[in-house]
Amino acid sequence: MKKLTGAILATVFTTTLASAEPVDDTLILNEETPIVTRTAAPAHLSDALDEVLSGWLFRGTETRAMQSDDFDNPGMIFVEQAMEAWETADGTAGKSCSSCHNEIESMAGVKPTYPKWDENAGSVQTLQMQMNECRTERMGAEAWGYDKGPAINMEAALSSVSRGMPVNVAIDGPAQSAWEQGKELYYTRTGQLELSCANCHEDNYGNMIRADHLSQGQINGFPVYRLKNTKLNGAHSRFKGCIRDTRAETYAPGSDEFIALELYVASRGNGLSVEGPSIRN
Amino acid sequence: MKNCFIGAAIGAMIATGLHAEEVLPTNVAFNDGAIEQSLSGAPGDPNNGRIIVGDKGQGNCVACHEVTDLADVPFHGEIGPMLDGAGDRWSEAELRGIVANAKIMFEGSMMPSFYKTEGFIRPGNAYTGEAADDTFGPLLSAQQIEDVVAYLVTLKEE
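Line order of the protein sequences matches chains A and B. Mapped onto this note's numbering, the consecutive letters of the first sequence carry residue numbers 1 to 281. Mapped onto this note's numbering, the consecutive letters of the second sequence carry residue numbers 1001 to 1158.
Since the hints were derived computationally from the structure, they do not count as laboratory data. One thing to keep in mind: the hints can contain errors.
Heads up, simulated DSS-like pairs for lysine-lysine below, C-alpha to C-alpha not over 30 Å straight-line [to be verified]:
# : chain 1 : residue 1 : chain 2 : residue 2
1 : A       : 183       : A       : 228
2 : A       : 240       : B       : 1056
3 : A       : 148       : A       : 116
4 : B       : 1103      : A       : 240
5 : A       : 228       : B       : 1103
Selected chain A positions facing chain B (in silico; Cβ < 10 Å) [unchecked claim]:
#  : residue
6  : 116
7  : 123
8  : 141
9  : 165
10 : 256
From the three backbone atoms N, C-alpha and C, an ideal C-beta is built for every residue, glycine too.
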C-alpha cells in the first residue's frame, strides 16, 4: 500500500514537472511479430498530424509488457472462447464458421480492411455486421447483439490472426460518403461540455486530463481488454463512453453514426498494425 | 409553498444586507468577453471557490489546469494554461467572463462554458448518455461562478 502511494505521488510529481509524452518503445508480439505502433500519418490526415501513434505508447510499462505476450494477455482468454465458437455449429443450417472458412487463420488480412463497403447491402459494414450476415443468412442462426460478449470475442479472434498487418481501410469510392460523415462527427463538439474527438485526441494527445493520459484515440488495438472492466470492449462502446463523457446524448453501438465514425477513425490509423486484442486502462 | 420560498429568500437577502438579483444564463451581458456585474448579485466566497475548482463533482477545473495552491488535490491536467497568477493576468470581470463562457473571449476555446444553457449539440442529462430533460441547467450556478471568480482573483504570483 505504501509502495502504491509512493507510485501515485511519483506520477503526480512527474506529470507536474514534465509533459507526459508517449514512450519511446517497440512492441514485438510473442518475441516474433513486430507491431507498428508509430508511423507516418496517412495522406488524408497529413494536414493535421505528422505521425500516428498507437494507444500502446501511452500506457504504462506493465500494461505494455502484458500485451507483448499472449500468455500474459487476458484478452486472449476471450479469443480462445471465440475459437471454440468458430468450430461449433449453430443455427438451422447446422453450420459453424469453420464449415465455410476452415481454420480461423485463413481469415488473416480480413480485419485490417473493415469497416468496408458491401455491394450487396449497399452500405458500409463493420466486421460485426459481416459476422451477423453469415449467421443469419448462411447459418440460420440468430444475430449477435452489437458489441455483446459473443460478437466482441469473435471480432477479437478475427483480429488476433491479423496482428502485425497494417490497417488499410478504403476511404474513397462508394465508402466515401460514410467516411465524410464520420469525419464530420469526429470534429463535432457535442454535449454540454462541447468537446469533439479532435479536442482531446488530435489537439491534446500526450497531455494529461486529470489522471488520464490522452492518446490519439486510435482503434487499431480494438477490441480492447480494459483493466477497468476486465473484459473485451468494442470501438462503438468506447465511442459511446467518450460521447457520454461530453455530457451528450450518445449514439447506439451499431448505429449508422458509429459505423461512419469507426470507418473514419480506423482510417486515421491506416498504416498502424492491427493489435487487437490490446490492453488498455 | 411558493410564498414560503420567496419569504425565505427575502429573509436571506435582508440577512446579508443585499438585494440579490440573479442574472440568468440566457441574459448575461458580455463586454469584450468580460462580465462586469456579479451573476448572483452577491459577492463570491473564495474559500468555497477553492473547493469548487478542485472538486471532480463541481468545477473540476484541475482536470485541465494546474494550480500550485491546490497541490493537495491529486492529478492536475495540462490542457489549459496554469492558473497560478491568474489574478494578476486578468481582472475580476474578465475572469467571470472566461469562467462563464470562455468562447466569447477566445473563439474556439476547448474550455466548457460553465454558465450557459443554450446552443448545444445533443445535450445530455449529465453523464447518463441520455438526452437532456427539463432539469437541464448550467454546469455551475451563479453563486458557484462568483465563488470560483473570487478564488481566482486571489491567485497572485509572489
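Do the hints match the structure? See the list:
For the hint pairing residue 183(A) with residue 228(A), the CA-to-CA distance comes to about 29 Å; that is within 30 Å, so the pair holds. Only pairs whose Cα atoms come within 30 Å are accepted, and residue 240(A) paired with residue 1056(B) is accepted, the gap being roughly 21 Å. With a C-alpha separation of about 21 Å, the suggested pair residue 148(A) and residue 116(A) falls inside the 30 Å cut-off, and the hint holds. Restraint check: the Cα-Cα separation between residue 1103(B) and residue 240(A) comes to about 26 Å, which is no more than 30 Å; the hinted pair holds.
Of the pairs offered as hints, the one joining residue 228(A) and residue 1103(B) is violated, with about 34 Å between alpha carbons and a cut-off of 30 Å exceeded. A cut of 10 Å between beta carbons decides the hint on residue 116(A): the least distance to chain B is about 28 Å, and the hint is violated. This hint is violated: residue 123(A) has a C-beta 23 Å from the nearest C-beta of chain B, more than the 10 Å allowed. Taken as an interface hint, residue 141(A) does not check out: its beta carbon lies about 30 Å from the nearest beta carbon of chain B, beyond 10 Å.
Hint status for residue 165(A): violated, given a least beta-carbon distance of 34 Å to chain B, over 10 Å. The criterion of a C-beta within 10 Å of any C-beta in chain B is not met by residue 256(A), whose closest approach is roughly 15 Å, and the hint is violated.
The structure is inconsistent with the numbered hints 5, 6, 7, 8, 9, 10, although it conforms to all the rest.
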